[in-house]
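Can you build the whole structure from these sequences, using the hints too?
2 protein chains.
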Amino acid sequence: MIIIGEKINGTRQEVAQAIRARDAAFIARLAREQVDAGSRYLDVNAGTAPDREPEDLAWLVRTVQAECEVPLCLDSANPTALRAALAVVDRTPMLNSVSGEAQRIAGVLPLALEHGTDLILLALDDDGIPATGEDRMQVVDRLVGLAVAGGLQEEKLFIDPLVTAISTGTNNALLTCDTIRRIKVAYPKAHITCGLSNISFGMPLRGLVNRTFLAMAVQAGLDSAIADPNDRELRETMLAAETLMGLDRYCLNFNKAFRAGRIGPRPD
Amino acid sequence: MIIIGEKINGTRQEVAQAIRARDAAFIARLAREQVDAGSRYLDVNAGTAPDREPEDLAWLVRTVQAECEVPLCLDSANPTALRAALAVVDRTPMLNSVSGEAQRIAGVLPLALEHGTDLILLALDDDGIPATGEDRMQVVDRLVGLAVAGGLQEEKLFIDPLVTAISTGTNNALLTCDTIRRIKVAYPKAHITCGLSNISFGMPLRGLVNRTFLAMAVQAGLDSAIADPNDRELRETMLAAETLMGLDRYCLNFNKAFRAGRIGPRPD
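As they're listed, the protein sequences go chains L and W.
Going by this note's numbering, the first residue of the first sequence is number 23, and it counts up by one from there.
Going by this note's numbering, the first residue of the second sequence is number 23, and it counts up by one from there.
Note that these hints are calculated values from the structure, not bench results.
These numbers were taken from a predicted model, which means no experiment stands behind them.
You can take every hint at face value.
No copy is singled out in the list; a pair is fine if it fits within one copy or between any two copies.
Quick list of in silico lysine to aspartate or glutamate cross-link-like pairs, DMTMM-like style, CA-CA up to 25 Å:
hint : residue 1 : residue 2
1    : Lys178    : Glu123
2    : Lys206    : Glu264
3    : Lys278    : Glu255
4    : Lys178    : Asp250
Below is the structure:
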């Protein structure tokens with residue numbers, strides 16, 4: 023699984039405070055612990071008002087880069103903020119995200135094409151989140167078409183089928199899995215990612231629901247997640263799911279992670 | 023999920039001892055706790071030598087029936103033992119099992135047809151467990167054909183795609199899921215069951231591997247399992263998986279189980 027570490031997000035109160043206070047040590051610690059736990063990208067979201075966001079996002083980028091070398095996932099809908107961040111990134115980042123919304127296509131897509139970034143594509147448009155897998159694919163087809171025509175290889179695309187809460191729709195998990203399978207067939211070289219925890223909004227035992235959904239989604243074709251890599255139980259499920267998907271020859275990774283104490287009972 | 027409670031099995035040492043000692047209270051307790059935990063069938067396996075098995079299995083059947091009313095799953099390859107058990111069952115049982123092995127077809131299938139039982143069909147034959155989903159389906163097709171021609175409705179069949187250890191074959195979980203999907207397409211009214219825990223033989227963290235595999239197999243179409251219903255974490259995954267599969271309108275079952283303390287943190 024390609025984990026995009028989700029914790030450096032200004033919509034979280036303690037991160038917002040660290041951004042306001044320019045507390046670089048706090049941000050560096052969040053970055054380090056997510057990298058150590060296996061994140062392949064780190065999402066950075068300033069979550070601040072548009073006039074502050076360019077400066078805040080650029081500060082986040084510089085701060086995280088000073089601590090570690092993984093590529094960043096620049097998480098903003100604000101082209102000015104993205105441009106400010108792109109001006110200071112060391113490594114080609116991922117952009118989060120382009121949807122079928124006119125404003126995103128006009129504002130974010132050209133930046134992705136210009137810089138040759140990895141790119142998250144969301145299966146929604148100005149009419150909202152389509153109610154069927156078929157309709158979500160219409161949005162995805164259009165976005166992949168634009169990205170590839172603009173010079174991005176399919177391998178650089180992370181397609182998000184969208185996860186909506188099971189508490190608001192009995193078939194919502196099935197719908198996401200159906201969309202994942204369609205994406206997998208249509209774009210076998212693209213990655214498929216999502217924000218897992220949306221599935222369990224409004225439910226008790228959210229971790230259980232998230233982990234069970236993860237296993238199902240991986241079975242359908244998911245190979246990436248925007249998640250908290252320090253969630254030990256989620257990591258355990260990811261490793262078990264990869265092994266069960268035939269991606270772990272002789273169960274070597276699984277056994278190695280177990281021996282290293284990265285999964286299984288915490289050492290006392 | 024239709025759980026077939028697996029614990030009354032004479033290959034387990036304490037059960038063997040209870041059978042030898044005719045310890046009815048011990049067996050009754052095993053039956054009761056499995057029914058209370060949601061078993062829809064109780065597997066009964068005497069696990070004894072052929073000359074003792076008819077008497078032992080019939081004793082098990084009478085003992086379990088004296089305690090509870092769920093149908094039994096008579097688990098033996100010995101036609102004489104099955105006949106002895108069938109003579110004393112109160113409710114139409116399930117037979118475990120008929121495979122493509124000549125001896126099972128000759129010895130067990132006629133009993134199932136004669137008594138109109140539910141029936142587990144195993145995707146293996148005298149050459150062993152086929153190495154591909156396609157070949158497993160050839161066995162399944164033949165067995166379903168024989169059962170239906172003999173008068174059993176598809177709804178009474180529990181087809182077992184066979185689960186083999188991931189530690190002995192990197193693609194073994196994929197293979198089972200592939201077979202499940204094929205069965206689901208070919209026989210939509212039949213049930214699909216398996217012995218889940220085979221997947222994790224030889225691995226650390228077996229419960230984790232079993233639960234993750236369960237979620238994947240349910241996503242592929244599994245709707246039954248031969249399992250320990252008192253395994254709380256497995257039960258949690260079953261409930262979450264059913265909810266995610268769209269089988270739990272408004273998440274009512276899940277929330278009810280949570281409020282009743284059947285899933286989630288154990289009450290102190």
